[in-house]
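J.: Protein chains in written order, with this note's numbering: chain V, 3 to 235; chain D, 13 to 135.
Simulated from the structure, these hints should not be mistaken for laboratory data.
Errors might be hidden in some of the hints.
Derived PhoX-like pairs (lysine-lysine); straight-line CA-CA distance at most 20 angstroms [to be verified]:
no.	chain 1	residue 1	chain 2	residue 2
1	V	K116	V	K197
2	D	K94	V	K139
3	V	K215	D	K67
4	V	K93	V	K215
5	V	K215	V	K139
6	V	K197	V	K234
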Amino acid sequence: MQRTFRIFRFNPAEDQEPRYETFTIEVQESWTILDALNEIKWRHDGTLTYRRSCRHGICGSCAMMINGVNDLACEKQVAQIRGTITIEPLKSFPIVRDLLVDQERFFENLRLVKPWLIARTPPPTDKERLQSPEARKLLDGTWQCILCGACTSSCPVFWDNDNFLGPAALLKAFRYVADSRDEGLDARLEALDSKYGVWRCHTVFNCVEACPKALNPTDGIVQLRRRLISEKL
Amino acid sequence: MYRFHTGYVAWLLNRISGILIIFYLAAHVWVTHHLSHGAETYAQVMAFLSSPLFKLLEIGLIGVVLYHLMNGIRIILVDFGKGAWMQKRLFWILMAIGVLLFVICIWELVGSLFAPAHAAPLH
């Protein structure tokens, strides 16, 4: 089966402007977009540049815009799309080359929310820090985030100012704030309760539309807001 | 622009309606400030504003304010309820209520246009 791919190309070292290159290749029924990109890179044009790693939707490396929709190249099937398949890099991040974007700002913002367990209580000496099944259940819909950047890349508030922590970092912050074992809200307040924190979200819901894991970062953000308000009251 | 979807369109229209309402508020303050210029000046301004063009703008104003109000309720429900999980459904439910209120308002407005009591000054 022949399929046509229209791929965004840009090499800042050589090109003045980005351009689109079309490849028509033989694909198999079961292929993902990543399989097709590999086929192009390995057999047609070795200069095609993109980031990929695990190829089963866990590492978050291969998020890109596929026919205008942010998705993971390794999870989106070629057969799910009709006609020419346009592949572009994630919006709003600086382009390193072709489909590869610089996510330094994205991870910098993530570091600001201290995405790790902060506990002052010493751990028990005879067992790990236990959590009730009910408390654990509250974290569902937060821990599944693989930090691919699809949500933050779609957020108009982040386009306007990339100091805004963005949906991914805020959902990750909520994952720890909501954890029954965590005592680090105070340590995270400086980032969360700032003008670039939770209050800057305009509930546009682009992040919810963009998430390849069907998570709801907006819900995490509004729950953080409620938590901050109740702390202040 | 990422993609057109309910949440994005709702946000965009909220921005636009908000800006329009600010313009209206400025115009409204300007109109009412004529009160300080005496009854005659104010009556002149009000006569000018009773032209059909302004009646049409009034209908538009009702629509804009109702949209902003209804979507505002949606945003409050997102922030203080479970709205983040049902924002699309909330949008359409609130828009349906908004359209209903709009029709009632227009009904009242059109009725008042043809009511004789308002057509002639009460001397």
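J.: Each hint should be assessed against the structure and marked as holding or not.
T.: Now for the hints, and whether the structure bears them out:
1. K116/V / K197/V: 17 angstroms, holds
2. K94/D / K139/V: With Cα atoms ~17 angstroms apart, K94/D and K139/V stay inside 20 angstroms; holds.
3. K215/V / K67/D: Since the Cα atoms of K215/V and K67/D sit roughly 50 angstroms apart, the hinted pair is violated (cutoff 20 angstroms).
4. K93/V / K215/V: 18 angstroms, holds
5. K215/V / K139/V: 17 angstroms, holds
6. K197/V / K234/V: 16 angstroms, holds
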